[in-house]
Amino acid sequence: MSEKKFIPKSKFGQWFDSRLPLLTLSHHLSDYPTPKNLNYWWTFGGILTFCLIVQIVTGLVLAMHYVAHVDHAFESVEHIMRDVNYGWLIRYVHANGSSMFFLAVYIHIFRALFYGSYKSPREIIWIIGMLIYILMMATAFMGYVLPWGQMSFWAATVITNLFSAIPLIGESVVTWLWGGYAVDNPTLTRFYSLHYLMPFLIFGLVVLHIWALHIPGNNNPVGIDIKKPSKDTVPFSPYIVVKDLYALIIFLIIFAGIVFFVPNILSHPDNYIKANPMVTPTHIVPEWYLLPFYAILRAVPSKLGGVVVMFASLFILMFLPWLDTSKIRSAVFRPLYKIFFWILVIDVIILGYIGANPPEGLYLLVGRIATIYYFVHFILIMPILGFKEKTIPLPISISDPVLSNQARTISNR
Amino acid sequence: MLKKIKNIIKILFVYSFIMIFANNSIAAESLDLLKNKWSFEGLFGTFDRGSLRRGYQVYNEVCSSCHSIELLSYRNLSENGGPEFSLEDAKNIAASFEIIDGPNSDGEMFARPGRLSDKFIKPYPNVQAAKAANGGAYPPDMSVLVKARQGGANYIYSILLGYEEPPEDFKLEDGVYYNKYMPGHNIKMPNILSDGLLDYADGTEATTQQMAKDIAAFLTWASEPSLEARHKIGFKIILYLIILAGLVYLSMKKLWSRIESK
Amino acid sequence: MNSSYTILATIIVLLFVFLYLSWVIVSNKIIDNENNKEIGKRRDFLFTASYALGAVGVGVSVWPLIDQMNPDASVKALATTEVDISKVEQGKTITVLWRGKPVFIRKRTKEEINEAQSVKLEELKDPQKDQERVKKAEWLVMVGVCTHLGCVPLGNKGDFNGWFCPCHGSHYDTSGRIRKGPAPTNLEIPRYEFVDNNTIKIG
Numbered sequence: 001m002s003e004k005k006f007i008p009k010s011k012f013g014q015w016f017d018s019r020l021p022l023l024t025l026s027h028h029l030s031d032y033p034t035p036k037n038l039n040y041w042w043t044f045g046g047i048l049t050f051c052l053i054v055q056i057v058t059g060l061v062l063a064m065h066y067v068a069h070v071d072h073a074f075e076s077v078e079h080i081m082r083d084v085n086y087g088w089l090i091r092y093v094h095a096n097g098s099s100m101f102f103l104a105v106y107i108h109i110f111r112a113l114f115y116g117s118y119k120s121p122r123e124i125i126w127i128i129g130m131l132i133y134i135l136m137m138a139t140a141f142m143g144y145v146l147p148w149g150q151m152s153f154w155a156a157t158v159i160t161n162l163f164s165a166i167p168l169i170g171e172s173v174v175t176w177l178w179g180g181y182a183v184d185n186p187t188l189t190r191f192y193s194l195h196y197l198m199p200f201l202i203f204g205l206v207v208l209h210i211w212a213l214h215i216p217g218n219n220n221p222v223g224i225d226i227k228k229p230s231k232d233t234v235p236f237s238p239y240i241v242v243k244d245l246y247a248l249i250i251f252l253i254i255f256a257g258i259v260f261f262v263p264n265i266l267s268h269p270d271n272y273i274k275a276n277p278m279v280t281p282t283h284i285v286p287e288w289y290l291l292p293f294y295a296i297l298r299a300v301p302s303k304l305g306g307v308v309v310m311f312a313s314l315f316i317l318m319f320l321p322w323l324d325t326s327k328i329r330s331a332v333f334r335p336l337y338k339i340f341f342w343i344l345v346i347d348v349i350i351l352g353y354i355g356a357n358p359p360e361g362l363y364l365l366v367g368r369i370a371t372i373y374y375f376v377h378f379i380l381i382m383p384i385l386g387f388k389e390k391t392i393p394l395p396i397s398i399s400d401p402v403l404s405n406q407a408r409t410i411s412n413r
Numbered sequence: 414m415l416k417k418i419k420n421i422i423k424i425l426f427v428y429s430f431i432m433i434f435a436n437n438s439i440a441a442e443s444l445d446l447l448k449n450k451w452s453f454e455g456l457f458g459t460f461d462r463g464s465l466r467r468g469y470q471v472y473n474e475v476c477s478s479c480h481s482i483e484l485l486s487y488r489n490l491s492e493n494g495g496p497e498f499s500l501e502d503a504k505n506i507a508a509s510f511e512i513i514d515g516p517n518s519d520g521e522m523f524a525r526p527g528r529l530s531d532k533f534i535k536p537y538p539n540v541q542a543a544k545a546a547n548g549g550a551y552p553p554d555m556s557v558l559v560k561a562r563q564g565g566a567n568y569i570y571s572i573l574l575g576y577e578e579p580p581e582d583f584k585l586e587d588g589v590y591y592n593k594y595m596p597g598h599n600i601k602m603p604n605i606l607s608d609g610l611l612d613y614a615d616g617t618e619a620t621t622q623q624m625a626k627d628i629a630a631f632l633t634w635a636s637e638p639s640l641e642a643r644h645k646i647g648f649k650i651i652l653y654l655i656i657l658a659g660l661v662y663l664s665m666k667k668l669w670s671r672i673e674s675k
Numbered sequence: 676m677n678s679s680y681t682i683l684a685t686i687i688v689l690l691f692v693f694l695y696l697s698w699v700i701v702s703n704k705i706i707d708n709e710n711n712k713e714i715g716k717r718r719d720f721l722f723t724a725s726y727a728l729g730a731v732g733v734g735v736s737v738w739p740l741i742d743q744m745n746p747d748a749s750v751k752a753l754a755t756t757e758v759d760i761s762k763v764e765q766g767k768t769i770t771v772l773w774r775g776k777p778v779f780i781r782k783r784t785k786e787e788i789n790e791a792q793s794v795k796l797e798e799l800k801d802p803q804k805d806q807e808r809v810k811k812a813e814w815l816v817m818v819g820v821c822t823h824l825g826c827v828p829l830g831n832k833g834d835f836n837g838w839f840c841p842c843h844g845s846h847y848d849t850s851g852r853i854r855k856g857p858a859p860t861n862l863e864i865p866r867y868e869f870v871d872n873n874t875i876k877i878g
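Residue numbers (our numbering), protein chains in the order written: chain E, 1 to 413; chain A, 414 to 675; chain V, 676 to 878.
FYI, nobody ran anything at the bench for these hints, they're computed from the structure. Built from N, CA and C at the ideal position, the CB exists for glycine as well. Some clues are possibly wrong.
[As the list claims (entries may be wrong)] These stretches of chain A come out as covered by chain E in the derived footprint (C-beta under 8 Å, 3 or more residues):
hint, segment
1, 499-513
2, 599-608
[Unchecked claim] Residues on chain E that point at chain A, a partial pick, calculated with CB under 10 Å:
hint, residue
3, K11
4, D71
5, E75
6, A138
7, F163
8, D270
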C-alpha cells in the first residue's frame, strides 16, 4: 500500500515526526482505507482491544489490593469486595470482563472462519491471532486460580497434572510447575507473576496482529480484493471509528447487564469456598470458555491421548489456511461450506455443553462423536470441499453489488 | 433487509440454543428447592431492613455458637445497604463481645470489649477446633455462604425448613440427620429452628418460617453487601448507555449517508 | 478526598481538551471532504452531543479507578484510637500508634508546664501559646514525627528540655515547639478528646 508522504501541520509536529513518526502513524491509522461493506461482525476487533485494555486497567488496580499468599488470597479478594472503594465493581468487571473477552474472541474467530479471513495473504495474521488466543486461555486459567477458591485450587491441580502425561519427564515437569509436591503457595505466587505478565505479551502480539493486517488490508464480507480504493473503501476515521464505537456501546450494555445484575451467573458457587486440599468438589468444571477443550480432553480414554488430542484441536487451527483448499474466501459464495460452518458452530456448542457435565454415559458418547466430527471437519471436509464444491460466481467488485439488483441480496450491510 | 432479518434469526437461534443448554447444566446440579419471594431479587431488588435486623438477631442468638462469619466487621451493621443499625447500636453490639487483643507492653494477650473496627468474633479459634466440637463436621463460615451454594438464599431457606423423617429405605448414620434439600440428604447439623425459639426485638412473631426467611436475608446481605448500590448504579449506567447508543447510532447514520449516496 | 477531586477535575479537563481537538479534526475532515460548511454545522450538534455524553461516561468510569486508591473502609475504621492513660506517671511519656504514626502522650511536671507557658512568643519560629496546644495542661498529646523530614524525635533530650531529632538536629521544647534546627513548624497536635479522665480518644 503506497501512501503520499504526510507532512504535519505545525513546525513542532514536523520536528517531532521526523524523529519519531508518531504523527505519521496516527495519520495512517486515521486515513487507513477500509472496505466500505464491512458488517457488524467486523466490529469485534475493536471490541477486543477495548476488552484487553479494560482487563489490564482493572487488573492493575486489583493488584494494588490483592495478596498472593495461600493464607490471605481469598480474604484479600473479599477485602476488595467489601472495603475497597468500588472494589466490588472493579472485581466484577475484571471477572466478567474475562468472559466478555472470550465471547468477543469466539465471535471474532468464527467471523474469520466464515469469511475466509485466514486465507492467503492473511495467514500470518491468523497465526498471530491463534497465539493471542492461546495466551488468553493461559492468562484466564492462571487468573482464575488467584482467588484461591475450591475451583481455583482444583482446576490448577487437574490442569497442571495433565503434564504428567508426558512420557519420561512428565512427573518432573509437574513438580517444576508446582514448585512443590502439590499446588500450594509457590504455585500461587508464580501464577500471579505470569498472570500479570501475559496480558502485556498479548498486547505486543495485538500490535503485530494489526500491523500484519494493515499490509494486505481488511477482508470483507464478499471476500474479494479491493480493486479501486477510492470507490470501494472509506477512511477508517470517522466512518469505521463511529461504527466500532456503536457496536462497542451495545456490547457494553450486555457487559453492564451482567456486571450489575447477575455478576455471578457465569461463575461456579464452589469458588466461594476457600481452597481445601483435603476435599475435592463433586464436579470440577472450568469457566465456560474452556469447556469445549475440557470435553475433548475427557473424550479420549487415555490420559496422554487426551492431552495430545486437546492440544491438537488447538494447533490444527493454525494450519487452517492450508487445510482449506478453496480458492473462494467468503462463505457467502460457498453454499456447501456455509452449511458445514454452522454444523461446526453447533458441534463446538455441543462440546461446551458436554464439558459442563460428568464424562459418563450418553454425555461421554456424544462428546466422543463431537470430538471426532471436529477433526473430521478440519482434516477431511475442509480440504475436500475446496475441490468438490460448486461456488456461486463472485461479483466484479465491492461497489458493484450495490448497483445490480441480483447482487443486492448477496451483500451484507 | 431480508438478509438482516435472517442474520438476527440465526443469532437468536444460536443464543437460545446456548441458553437452553446453560440452563440445563445448571438445573442438573440443583435439587428442587423451596422458593420464597425475596425483596432483593430482580433488577430493582433491595433489602428489607427489618428482615436484616431480625436476621442478625437469629445469627447472634442461634447460629453464632457454631458458625463463624469472620469476614464481616461490626461496623458493617451500621453501613448503608445493610441492616443499618444506628452507629450507637452497632457500637453497643460490638462492645457486647470480648475481643482478644495484644500483646500489651508486658507481652501478654488481653481481653477488651469489641469495637466497630473489629471483625465478628468466631465461636472456635480454628477449623480443627470447630470440627472437634461438632462430631468431625465443620460448620461452614457464613460470610459468603449464600454465594457458595447453588440456589443461594433459597438453599439456606430450604435447608432450615427441610428436616423430616427419612424414608423407609434410607439408611441414616449416627449423629447425622435427614434433610430433604441437602445434596445427599445427610446433614450433621440438627434441626435448630423451632417456633418461638427467640423473641424478636421488633415484636414480630418468631415462627420457624419467619426465622428461616430472616436469616436467609441476613446471610444474603452478608455475602453481597454491595447489592443495593450495584442495582442502583447499574440501572443508571444501562439507561445512560442506551441513550448514548441512540445518539451514536444517529451520528453514524448521518456520517454514512454521504457514503451511501456516492 | 481533596487530592483525588483535583486529579479527577484535571482528568476531565484534559478529556475535554482531547475531545475538542479530535472534534476539530473530525469536523475539519468532513468540511474538507464536502466543501460545504452549512451542512457541517448542522451535523456538528449531533456530534457534539454524542461527544459530551461520551465524555461524561468516560469521566464516571474513571472515578472508581481513582477512588479505589483512597483509604478503604477498613483503614478508615482504624482512624481513631482510644488510649488508657491511667498508668502514665508524672514526667513520663508513652508512645502509641495512630494511623501508622507514633503519638507521644506525656504527663508533664509542674516545672515543664511553667517553662512551656513562660516562653515569649517572639522567640518562637512557629509562635503558638502552650495553652493552644493542650486541653489539660498536664497532658501533652503530639504526633511524634519531626516536621522537617519525618524522623521520630527522641524524648528527654535536646537543649530545651523536650525532644531532639537526631536526623538533622531539631530541638523541641516542653510544649513540643520547634526552638532550634531546620524543622519549620511545631510538632503536630492531632485531634483528640478526653473520653473520661483515664481515656483519650485520638482521631
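Exercise. Quick check: which numbered hints come out false for this structure?
Worked result: 1, 2, 3, 4, 6 and 7
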